[in-house]
Structures are given as C-alpha cells and as structure tokens.
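Peer 1: Line by line, the protein sequences give chains A and B.
Per my numbering, numbering of the first sequence is gapless, rising by one per residue and ending at 275.
Per my numbering, numbering of the second sequence is gapless, rising by one per residue and ending at 297.
You may find that some hints are simply not true.
Using 30 Å as the maximum straight-line C-alpha spacing, the simulated BS3-like pairs for lysine-lysine come out as follows [as the list claims (entries may be wrong)]:
hint, chain 1, residue 1, chain 2, residue 2
1, B, K261, A, K261
2, A, K6, B, K258
3, A, K90, B, K174
4, B, K169, A, K130
5, B, K261, A, K130
6, A, K263, B, K261
7, A, K275, B, K266
8, A, K101, B, K169
9, B, K60, A, K101
10, B, K174, A, K99
11, A, K156, A, K206
12, B, K266, A, K274
13, A, K275, B, K261
14, B, K258, A, K90
15, A, K275, B, K130
16, B, K16, A, K232
17, B, K287, A, K90
18, B, K60, A, K28
Think of the hints as simulated: they come from the structure by calculation, not from any bench.
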Amino acid sequence: MAISDKDFEQLRDFIYNICGMYFHSTKKYFLESRLGRRMEACGVKTHSDYYQLLRSPRGADEMKFLMDEITTNETYFFRNVPQLAALENKLLPELVETKNKMGFKKLRIWSAGSSSGEEAYTMAMILLEKRSTLLKDWIIEIIGTDINETVISQAKEGVFNSYSVRNVPDVYKRKYIREENGRFILSPEVKKFVTFNKLNLYDDSKMIFMKSFDFIFCANVLIYFDTASKSKVVQHFYNNLQPYGYFFVGQSESLHGVNDKFKTVHFPGGFAYKK
Amino acid sequence: MDKSELMQKAMQLVEKIDDLPTIPVIATQVLQLLDQPDVKLEEVADLILTDQVMTARVMKMINSPVYKPGSEITSLKRALVFLGMRHIREIALTTSFIDAFDQNSGAVGINTFWEHSFGVGMVSKIMAQKVGYSDLEKAYIAGIMHDLGEVVLSQFMRDEFIKVLESIKGRLVKLVEAEADILGTTHCEMGVCMARKWNFPEVYCDVMLNHHTPVDASVDPVLCAIVNLSDLFCGVRGLNYDGMEWISFNLQDEPAWKILKQQCPKLVEMDVERFCYEIDDAIPDVKDLVASIFNKK
Numbered sequence: 001m002a003i004s005d006k007d008f009e010q011l012r013d014f015i016y017n018i019c020g021m022y023f024h025s026t027k028k029y030f031l032e033s034r035l036g037r038r039m040e041a042c043g044v045k046t047h048s049d050y051y052q053l054l055r056s057p058r059g060a061d062e063m064k065f066l067m068d069e070i071t072t073n074e075t076y077f078f079r080n081v082p083q084l085a086a087l088e089n090k091l092l093p094e095l096v097e098t099k100n101k102m103g104f105k106k107l108r109i110w111s112a113g114s115s116s117g118e119e120a121y122t123m124a125m126i127l128l129e130k131r132s133t134l135l136k137d138w139i140i141e142i143i144g145t146d147i148n149e150t151v152i153s154q155a156k157e158g159v160f161n162s163y164s165v166r167n168v169p170d171v172y173k174r175k176y177i178r179e180e181n182g183r184f185i186l187s188p189e190v191k192k193f194v195t196f197n198k199l200n201l202y203d204d205s206k207m208i209f210m211k212s213f214d215f216i217f218c219a220n221v222l223i224y225f226d227t228a229s230k231s232k233v234v235q236h237f238y239n240n241l242q243p244y245g246y247f248f249v250g251q252s253e254s255l256h257g258v259n260d261k262f263k264t265v266h267f268p269g270g271f272a273y274k275k
Numbered sequence: 001m002d003k004s005e006l007m008q009k010a011m012q013l014v015e016k017i018d019d020l021p022t023i024p025v026i027a028t029q030v031l032q033l034l035d036q037p038d039v040k041l042e043e044v045a046d047l048i049l050t051d052q053v054m055t056a057r058v059m060k061m062i063n064s065p066v067y068k069p070g071s072e073i074t075s076l077k078r079a080l081v082f083l084g085m086r087h088i089r090e091i092a093l094t095t096s097f098i099d100a101f102d103q104n105s106g107a108v109g110i111n112t113f114w115e116h117s118f119g120v121g122m123v124s125k126i127m128a129q130k131v132g133y134s135d136l137e138k139a140y141i142a143g144i145m146h147d148l149g150e151v152v153l154s155q156f157m158r159d160e161f162i163k164v165l166e167s168i169k170g171r172l173v174k175l176v177e178a179e180a181d182i183l184g185t186t187h188c189e190m191g192v193c194m195a196r197k198w199n200f201p202e203v204y205c206d207v208m209l210n211h212h213t214p215v216d217a218s219v220d221p222v223l224c225a226i227v228n229l230s231d232l233f234c235g236v237r238g239l240n241y242d243g244m245e246w247i248s249f250n251l252q253d254e255p256a257w258k259i260l261k262q263q264c265p266k267l268v269e270m271d272v273e274r275f276c277y278e279i280d281d282a283i284p285d286v287k288d289l290v291a292s293i294f295n296k297k
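Whole structure, please, built from the sequences with the hints as guidance.
Peer 2: Okay, here's the thing in structure tokens:
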C-alpha cells in the first residue's frame with residue numbers, strides 16, 4: 001500500500017522521536033515496504049491505523065518488531081563515505097598537526113559496537129595507506145568492541161562475504177583483500193592494527209577504562225537504547241574522547257536531546273561531534 | 001583592506017560597467033504602485049499580469065516545494081494573497097533580477113549560481129522557522145539575493161573573476177578573501193552597489209554586505225546571521241559553486257550562531273541534527289525549482 005506524504009512524515013517523526021533515526025525522503029519506499037510487512041503481521045489496514053497502534057499501550061512491543069524490520073544488522077566496509085572523506089581530507093590531517101605539535105605521535109580509534117569488524121578494518125586500511133606519509137612513525141591503535149562474542153570471533157577471523165566488501169575501492173581491495181572460493185580474506189597487515197574485545201556499553205566499570213581516544217565511532221547502536229541509557233553511554237564517549245578528537249554516529253542518526261555538551265562539526269555530506 | 005576601501009572600489013567598478021542591467025519598467029511601476037497608500041491587491045495583480053515573464057516567474061516560485069502551498073495556486077491574485085502584500089515588492093525585484101541574470105555567459109554557470117542562491121534561500125527559510133524568526137519570506141528572499149554581487153562579477157567582470165576562481169583552486173582559501181586580494185573589492189560590496197541602483201530595501205542590502213561578517217550587520221543582525229549560517233550549510237551540501245572549497249565548520253563556534261543564541265530564545269530547542277537531515281531532503285527540491293525556472297523550453 002502506497003504511503004501518503006502525511007503518513008510518511010507522521011511515522012518518520014514518531015520513529016525519530018523514539019530512536020533518533022531519521023528517514024530521508026529518498027527512503028520513503030523502503031519504509032513503505034517494511035511497514036507493509038508489519039501491518040500485515042498486525043492485521044492493520046492503513047498506515048494511520050498502524051501509527052495509532054504504535055502510540056497505544058501495545059506500541060512499545062510493536063516498535064521492537066518494527067525496528068527489526070527497518071534496521072539492518074549487516075554492516076560493510078566503507079559504509080559512510082562522506083564521513084570517511086571528511087576524516088581523511090580534513091579531520092585527520094588537522095588532528096595529526098595538533099598532536100605533532102604536542103610531540104605525541106599516537107592515534108587511538110574505537111569502533112564501539114564493532115560487529116564483525118568492517119568499520120574498524122576500514123579505518124585500518126585508510127590509515128595504513130598513510131604510513132609512509134602523514135602517519136610516518138606513528139603508533140596506531142584501533143579497538144573494536146561488541147557485546148556479542150560470536151561477532152567478535154568473526155571479526156578476529158577477518159574473513160568476509162561479498163556483501164561486506166562490495167564498497168571497498170579497488171586500490172584497497174587489491175592490496176589488502178584476497179578472494180578465495182567466494183570468501184574474502186583480509187591481509188594480516190591490516191589485521192595487526194586492530195584488537196577486538198567484548199564490552200557491554202552499559203558497564204560503567206569497564207567503560208571508564210576506555211580512555212583517550214582520538215576518534216570514536218558508534219554507528220547504528222544507540223538507536224536501540226532508551227534515552228536514559230543513551231545519555232549515560234554518550235557521556236562515557238564524551239569523557240573518553242580527547243579534547244581535539246571526534247565522535248561519529250551513523251548516517252541518519254541524531255543525538256539531539258541526549259547530550260548537550262557535544263558540539264557539531266559540519267563537513268560535506270555530514271557532521272560529527274566534538275568537545 | 002578596510003570595508004570603506006572595498007566599497008569605494010566596488011562603486012568605481014560598477015560605474016564602469018556599461019551594460020549593467022537596469023530594473024525592468026514593469027518592476028519600477030509595481031514598486032511605484034506599492035508606494036501609494038491604500039493600494040489594492042487587484043491593481044498590483046493587474047499590473048504584473050501585463051508582463052507574462054514576471055507572472056510566470058511569480059507562479060513558479062509560489063508553487064515550488066519551498067513554499068509548499070496546500071494545493072497548486074493557479075491565479076496570480078491568489079499567489080499574491082498567499083505571499084502577502086508586504087512581500088510583493090521583494091518578489092517583483094527578485095523575479096526581475098532573475099530575469100536580468102539568466103544568461104549562461106558568466107564565469108560561473110548560471111544554474112550553479114542559482115542553485116546556490118535558492119539553496120541558501122530555502123535553508124534560510126527553514127532555519128528562520130527553527131529559531132523563531134517571524135518573517136519566513138523575508139529570510140527566503142534574503143537568502144536568494146545574498147550573493148547578487150557574485151553574479152555581477154561573474155557576468156560583467158568575467159576575465160578578472162576567472163582569475164579569482166583559478167587562484168583558489170586546490171587551496172583552502174575563501175572566495176571572498178581571494179576577491180579582496182585580486183579585485184580590491186568583494187561580491188559583498190558589488191552586490192550592495194547593484195542592489196542600491198535597483199532600490200532594493202535596505203534590509204537586503206545589509207545582508208548582501210555582511211553575510212560573511214554577520215557581527216557587522218546593522219539593520220537586522222538575526223536575518224544576516226541566518227543567511228550566513230545557511231550559506232555555510234549549503235557549502236557542505238553540494239551547493240557551493242561546484243564545491244570550490246573543502247570546508248568544514250564548528251557550528252557552535254560561529255559568530256552567527258552566537259548572535260542567534262543571544263537574540264533567539266527558541267534556538268535552544270533547535271534540533272541541529274534533524275535540521276541537517278531536512279536540508280538533505282530539500283536539496284533535490286531546490287534543484288528542481290531552479291531547473292523549472294531556467295528551463296526555457
């Protein structure tokens with residue numbers, strides 16, 4: 001069933017207010033098809049009735065099912081291109097300059113909610129390319145954390161499917177990824193830069209030890225948290241970020257109303273947070 | 001170089017341009033009519049209707065997704081009612097201006113120029129709403145007109161302006177600074193000189209002059225701050241004269257943001273992230289609008 005502009009805007013606002021994820025107009029048809037599945041499962045005929053259902057006492061449970069439909073747990077390499085371009089062209093060179101002045105040639109990066117490791121390894125590849133230039137003689141530490149041990153094992157293994165590597169630019173693919181019977185194996189050169197650990201972002205006793213990061217990524221994780229938990233976790237990110245560092249969330253995510261200390265830095269195609 | 005020198009130079013340069021477009025007769029008549037007390041909307045509509053081009057442009061601007069009328073407006077009179085009497089003056093000037101500068105003979109492509117201008121107009125309007133600035137149409141028109149001087153430079157000082165554009169390629173230098181260095185003036189002063197010739201209301205002249213220096217704005221600093229920030233946002237949304245600079249900015253450290261923080265209590269409620277996503281959504285609308293205005297077929 002085709003969704004009207006009014007229904008789309010209403011549902012988009014509702015989803016945004018609950019989880020902080022914005023559906024761009026270009027994703028209207030995606031939302032329409034996913035809503036269709038949930039409407040059928042609930043026996044609801046119109047989008048407006050489904051909206052009423054979400055607002056009813058049964059809404060919280062239904063919202064979980066809807067979230068499963070509209071989010072995807074699969075991740076892939078080079079997912080957020082504008083973010084990576086900003087990092088490479090502007091934010092990283094500026095940060096390197098700042099730290100060079102301080103005589104502190106060490107870069108620490110955290111991929112929080114790293115899943116099977118694509119985001120952390122993407123950073124490793126980008127930085128590896130700069131080992132003989134911008135990052136010559138620098139120590140690079142990339143840490144991926146996730147609550148799920150299965151995905152951590154996958155990340156450590158460093159073997160991916162074709163979906164995961166479909167966005168990897170050829171120049172990186174040739175150097176760092178080897179195909180073997182339809183599986184894509186990451187080179188040890190990239191793997192050695194990244195360590196993966198189990199971590200629950202709710203666990204205050206562990207979170208306080210995740211110190212002094214220059215870049216923190218937490219994409220498509222916070223959308224599953226309620227506002228109070230989000231605030232708590234984001235405060236940890238804030239505390240653990242260097243004063244000149246940057247914190248990145250997913251492509252359509254928002255921390256509005258979650259933390260009022262972070263400032264926004266805007267770059268072509270997106271934004272990041274800074275202290 | 002101080003601002004009075006930049007202005008002096010701009011005045012000299014504008015005087016030297018022989019074929020500078022003059023305000024169309026019909027627009028002058030509309031403005032004269034609007035100056036009369038107790039003027040009726042019907043009279044203004046009748047006068048505009050005598051000029052098909054102006055009528056068509058007004059109708060296109062009104063029916064654009066930027067204005068979002070509930071349903072399509074098909075009569076000029078209804079369009080004027082929708083705009084409100086106080087904005088007919090600006091619309092008459094803006095449409096005349098678009099008409100005067102629709103030739104693709106400048107250093108910057110005309111579509112590129114107008115996409116930036118309408119982009120800043122649209123973002124200014126959205127931002128005005130978010131910060132509680134009462135006159136959304138004024139914000140829209142101020143945004144559209146802010147870079148008037150850029151199109152004057154592009155079309156009437158083409159060779160000199162190409163040198164300016166060449167000089168910033170691949171360098172992190174702002175266009176406005178390169179203009180001051182090479183031309184001895186900038187698009188801000190050039191815009192004002194042109195706008196004054198056309199008798200644009202002073203509030204728009206102030207925005208043209210100070211959209212890169214909002215702390216110097218004297219007539220309506222909030223409006224100027226809105227246009228300044230919208231200009232920055234369009235710069236990071238692909239509406240930056242084909243991305244001539246690799247830019248980033250810290251919003252909360254911008255002087256314009258500080259002006260809004262002081263003068264717009266509603267700013268504290270503003271959801272900056274959502275605002276960015278709404279801009280993303282509106283960019284295709286801006287491109288469609290510009291294509292529809294400049295598509296002559």
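Peer 1: Run every hint past the structure and note whether it holds.
Peer 2: To see whether the hints hold, each was checked on the structure:
For the suggested pair K261 of chain B and K261 of chain A, the alpha carbons sit about 15 Å apart, so the restraint of at most 30 Å is met. Of the supplied pair hints, the one linking K6 of chain A and K258 of chain B is violated, its CA atoms being roughly 35 Å apart against a limit of 30 Å. Note on K90 of chain A and K174 of chain B: the hinted pairing holds, with a Cα-Cα distance of about 16 Å set against a maximum of 30 Å. For the suggested pair K169 of chain B and K130 of chain A, the alpha carbons sit about 24 Å apart, so the restraint of at most 30 Å is met.
With a C-alpha separation of about 40 Å, the suggested pairing of K261 of chain B with K130 of chain A is violated against the 30 Å cut-off. Simply put, K263 of chain A and K261 of chain B have alpha-carbon atoms about 14 Å apart, close enough for the 30 Å limit, and the pair holds. Proximity of K275 of chain A to K266 of chain B is assessed by CA-CA distance (about 23 Å); at most 30 Å being required, the pair is judged to hold. At most 30 Å may separate the alpha-carbon atoms for a hinted pair to count; K101 of chain A and K169 of chain B meet this at roughly 28 Å.
About 55 Å separates the Cα atoms of K60 of chain B and K101 of chain A, which puts this hinted pair outside 30 Å; it is violated. A C-alpha spacing of about 26 Å is found between K174 of chain B and K99 of chain A, which places the hinted pair at or below 30 Å, so the restraint holds. Restraint check for K156 of chain A and K206 of chain A: the C-alpha separation of about 21 Å stays at or below 30 Å, so the hint holds. Simply put, K266 of chain B and K274 of chain A have alpha-carbon atoms about 23 Å apart, close enough for the 30 Å limit, and the pair holds.
Between K275 of chain A and K261 of chain B, the direct Cα distance comes to roughly 18 Å. Compliance with the 30 Å bound is thereby established for this hinted pair. Restraint check for K258 of chain B and K90 of chain A: satisfied, since their Cα atoms lie roughly 24 Å apart, inside the 30 Å limit. For the hint linking K275 of chain A to K130 of chain B, the alpha-carbon distance of about 24 Å falls within 30 Å, and the restraint holds. A threshold of 30 Å between alpha carbons decides the hint, and for K16 of chain B with K232 of chain A the separation of about 64 Å lies outside it, so the pair is violated.
Between K287 of chain B and K90 of chain A the alpha-carbon distance is near 28 Å, which keeps this suggested pair within the 30 Å criterion. As the CA atoms of K60 of chain B and K28 of chain A are separated by approximately 26 Å, the hinted pair is consistent with the 30 Å bound.
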